[in-house]
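Chains A and B supply the protein sequences, listed in that same order. Residues in the first sequence are numbered from 1 upward in steps of one, following the UniProt record's numbering. Residues in the second sequence are numbered from 1 upward in steps of one, following the UniProt record's numbering.
Hints in this document: simulated from the structure, not taken from any laboratory. Heads up, the beta-carbon is just placed ideally off N, CA and C, and yes, glycines get one too. Treat the hints with care, as some may be off.
[Claimed, not checked] A partial selection of chain A residues facing chain B, derived with a Cβ cut-off under 10 Å:
no.	residue
1	Pro290
2	Pro291
3	Ala301
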Amino acid sequence: MRIQAWLRTGVRAMVDGLFASVLALLNVPVLVLWLIGLVLSPVPVLGTDLFAVTTTVVRWRANLERWLGARAGIPIRRPYLPPPDRAEQGTRTWFRWIITDPATWRDMAWLLPGAVVGVGLGLIIVAITAYGLIGVGLLPLWLHLGDVWFGYGVYWPTSNNGEGWLALPQGLAILVAGLFVAPLLRTTDVLFARLFLAPTKAAELRLRVAHLTTTRADAIDAQAAELRRIERDLHDGAQARMVAVGMTIGLAERLVRRDPSAALKLLAEARATSTAALVDLRHLVRGIHPPVLAERGLEGAVQALALSLPVPTEVISHLPGRLDTPVESAVYFAVAEALANVVRHSHARSAWVTIGHVAGVLRVAVGDDGVGCADPDRGTGLHGLERRLNAFDGTMAVSSPPGGPTIVTMEVPCALSSPKT
Amino acid sequence: MRVVIAEDLTLLRDGLTRLLEAFDFEVVEAVDNGPDLLPALLGHRPDVAIIDVRLPPTQTDEGLKAAIAARTAMPGFPVLVLSQHVEPLYARELLSDRDGGIGYLLKERVSDVEQFVQAVHRVAAGGTAFDPEVVAQLLARREPLAVLTPREHDVLKHIAEGRSNAAIASRLFITEKVVSKYINNIFAKLGMPPSDDDNRRVLAVLKFLDA
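Start from the sequences, fold in the hints, and give me the full structure.
Structure (structure tokens):
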């Protein structure tokens, strides 16, 4: 397993090395193109459009490099400022957006040195790999053409068939060395690119602000929608029933002397309606903040939830304290939705939930032994909850290969309050 | 019959007191918070206690914890737990000592005065009284006791709610004799040896909850 992983990393680095060096060759034309675009940009109509296209090409090239970085295990975030309205493309505002973004100039600065480093390191990888492959692959040709034809490795030229045969182990050794060296060279290349292509501190902060703005808007939207739902439920449910109770009692009041038995019947009816109103309220409360969550915290509430599911569900949890109420509630509803999906879609025979808090991060996983193929993009349930977790900088990941198992993992950075007494 | 009440909302506490006194109960103490509850229970040793799950100061499950603590100190001490909501989880915890004398009802059941008073008497006598809602929640989730026929399941449900054989018979429109036959079948199928012990009913309910 370990060897397999090592092999995969090595081969991937070799392929990426080839790909990266070819891409790096494009850097120079891309740079020239962009400079032409920049110079021509004052030309009315055509100039701005050309500049837009060339800038897009540059960013496309830089993003490819960032993607290669992620493949090499060093993700590089996109540093660009959020674009203005789509309608403004080609206008002055749009031009200013590109020109004033430091990331634009950092991309420029990278193109040339990036090409040199990328091609240089890439060629080393390509050369090692190719020479190794030649040693292994050309062996039959070697033996066919005779002993003294060419050289390989330490035998140059080969003087007999035996030395020709030795090309095979040499080629293999070189390939193995290449598998070791290629990832290192890739890392070097990516680290160099990162110097230019990663967001600066200021850009990081800008991205963070943008993220916070989005998640805050989402959180407020979700809250407003929730309040509207509660208002509607109260209006159509408990409130309407209490009106009915009042009316029925009023009627009974009028009848109590004239027709006591009818009044009695009305009173019984009023009591039944008041009970129904309470049922409505209880369901509503459960949807807002389940009482068991208030009473027992996340662990107890998830246990109670597991107990009420048609699929046997095991809860393994260790939380030495209570979470903040908002986090607790968001995570609880996320778990509830995940478990509801298990019941609805997975055909699972059993499910499990683990809850733990390590190094300031709450980690909750919900898994089942069902059919898998859960698609988080289908349906809005999980997405809404993910947005809710996002408000706490939380994340949600779904792993669900065909045939299962499905595992939903949630992580939320948060503090635990004082230990339970 | 002497009763201790624990309920933090004044309106409900006074209402409960008045209601119980109208039915010849003697309310020896009505506490409104968690910390005072256990001493009151241990001090008065009432015939039955009626306890709200959620009490100040924490507004969590202090009442439930006090009820369980009291039963640990005085095994079989009859407790009727009231709440705005019912959780099978809590029912299981209340029953975990496998003694009788346990009730767990929604607060709104108080509005059906006669039935409520009956439930209090039943719990005081060592029986059980589980809210139909708890039982319904348990029934809704899975077929826990596949060995039971639907009819036996119905009977077990009524046992869980705390009904006597006579009450079950009238609800299901069958004779008491048939009811006791069903009950014996249930006990046999759940692997409980025949005995006259009232505890068997509790154990059956526990099995039902644990399934």
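Hints, one by one, checked against the model:
Residue-level restraint check for Pro290(A) holds (minimum Cβ-Cβ distance to chain B is 8 Å; threshold 10 Å). A least Cβ separation of about 5 Å between Pro291(A) and chain B falls short of the 10 Å threshold, and the interface hint therefore holds. The interface hint given for Ala301(A) is met, as the beta carbon of that residue sits about 9 Å from the closest beta carbon of chain B, less than 10 Å.
Checked against the numbered hints listed earlier, the structure breaks none of them; every hint is satisfied.
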